[in-house]
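Residues -25 to -1, 1 to 570 (mature numbering (1 follows the signal peptide of the UniProt record, and there is no 0)) are what the sequence shown spells out, left to right.
Hints were generated in silico from the structure; no laboratory data involved. Glycine included, C-beta positions come from ideal geometry on N, C-alpha and C. Check the hints yourself; a few may be wrong.
Pair by pair, the computed Cβ-Cβ distance ranges are [as the list claims (entries may be wrong)]:
id : residue 1 : residue 2 : range
1  : D485      : T143      : 17 to 27 Å
2  : R303      : S410      : 15 to 25 Å
3  : T401      : E171      : 54 to 64 Å
4  : T261      : E146      : 47 to 57 Å
Below are the DSS-like pairs computed for lysine-lysine, each with C-alpha atoms no more than 27 Å apart in a straight line [claimed, not checked]:
id : residue 1 : residue 2
5  : K505      : K118
6  : K557      : K498
7  : K557      : K505
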Amino acid sequence: MKIKSLAQFLVFALLMASLTRPAFAEAPQPDQHSTAPDDASSPCGAVEAVTPGDTVTDDVSDVSAAYIDITEVSTSLSGETLTAVFHLRDVPETLTFNRTGISENRKEYSWGVAVDVDNNPENGDGGYDYLLSAYHIVRLSDKGANSEVPIGDQAEASIWRMDPGSITRLEDASLEVSAAQNTITLTGTIPGITSESRLSFRTYDYGRNFDSDTVECPSPLRGGHATLPCSSAEAVAPGGTVSDDVSANLAAHIDITEVSTALSGETLTVVFHLREVPETLTFDRTGVPENALEYNWEVAIDVDGSGRYDYTLAARHYVYPADSGTDRAASIAASGTVQVNTWERRLKGGILLADASMEVSTQDRTITISGDIPGITTESRLAFETYDYLHGSDVVGCPTPLRQGISSSACDTDGSAVIVPGQTVTTGVSDGLASHVDITEISTALAGETLAAIFHLRDLPESLVFDREGVSENFIEYYWQVLIDSDRNQETGIDGFEYTLSASYAVSSDSEGRNAAASIRSKVQPLILKAFGSDGYVVGGAASIVVSAGANTITLVGDIPGITPDARLEFGAYDFHEDIEKVACQPSSIAGDTE
């Protein structure tokens, strides 16, 4: 399977960082899952599944870079020790590492095998429980060094445990590289692996426009899919048309009146019928931060109907720093104004696949986007959303997991409205939110590198109902969290955030649907999560929590390496069945806005 982009672009917002509906903390990388009708219990049908001891072949030259072009993978198992030999079209004596243009903390190269030890797609992350991989991440001190080094001298090899949406490094693995035999061999101990376990393989080169090669069951090595419940009644299939109510509260250019779709082979065409499509829009507006998504018309695609969104086809405009605050009027269709692309979804965002096309008609009041979606069929499910940073969003069909929960308020472009440690921020009460996620005030304190954050909520009951019907296993049911941008650098961490201080609860397989009342403190797990490259979070340490129903507060405390009084903070509270509240900026009265 070949995944290749045509242009480099912003990697989209992450699940935890953008506070969208999550499946949990975050992890490195999956593709779509193809479920055979006669083998619904596994991510792949029995015929195509790869198990330890198997040897599988792949098409030659289906990716451009020879050192990630898999020709064959052979595997063997001794006890719980798995060996995977990647046979590649060519393994050079040296590769160029830390190439110019690749930011620090980016994963530059990887060769990996994902392991579903128990053939259960409901366990692990997307069904996969462990990852055995060789990889290289660009460090700040090495950025742009363009070093010619043997792969075996530069790449690291590790075993990772994959939990729902998160990944934890367990131990080192063994790596052998043979330029003579054109092989890269990984060996590691995988707890619980058997000869019936399922395997998936993937190679990746960030510097080749995210080029990658995948063999057999598409692997989850690129983060995960944001997962949302979706009923058959809500779902829209390719070829369908769906209408939406007109809203006087939405800007006309994002107010969907109808969406019509068509499918030709794997080319999806979506026509957004809007209340109005003006001759020009104002782009790069004052009040929209640098690098923020300003406008968006998109469709999320669940290829196999599993409830997991695999791809996004979108027309978007981001505010580049040089254009910020210019308030320029332009046609939506003007060249270079709106980027139209297909994306493969990650749990924490997306990776660019290819350019797509767009047509804009002010007369017909339509925006039409068209692009190739791998594996799409007439049985696939679609969800649609339009978005304006300053004016909210409109959603049609199943709730789309990309932009939900994004605040429409903007921080000042000079950074004066961001929240930093030591500040107290008061927010308004919302009748539309459940009281236990309705933030009325956030107060923070910093002592050295120890951050304390107190969530003041409208009401915090003595107990909540956990494991409610409709919340599937491995889904986060509740969370209260702080995102920390310790260096105020959008290029580091994930969406600029290096750490998350979080208290959350995810439904386990043995408790799903119990509808049991319990105290928050007895259920939620406080953790510090650390950004791993740009692909996900790993557990970075323990945290503490104090819950007071009497004071209506939840207090989180944790040690955040490198945090300073100038760090940027964002806050979120979430209930799967209710909604999400995000506090990203000071209210205007605090920020100095006198309006």
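Of all the hints numbered above, which does this structure not satisfy? Sort the numbers upward. Going through the list in order, the structure violates hint 2 alone and respects the others.
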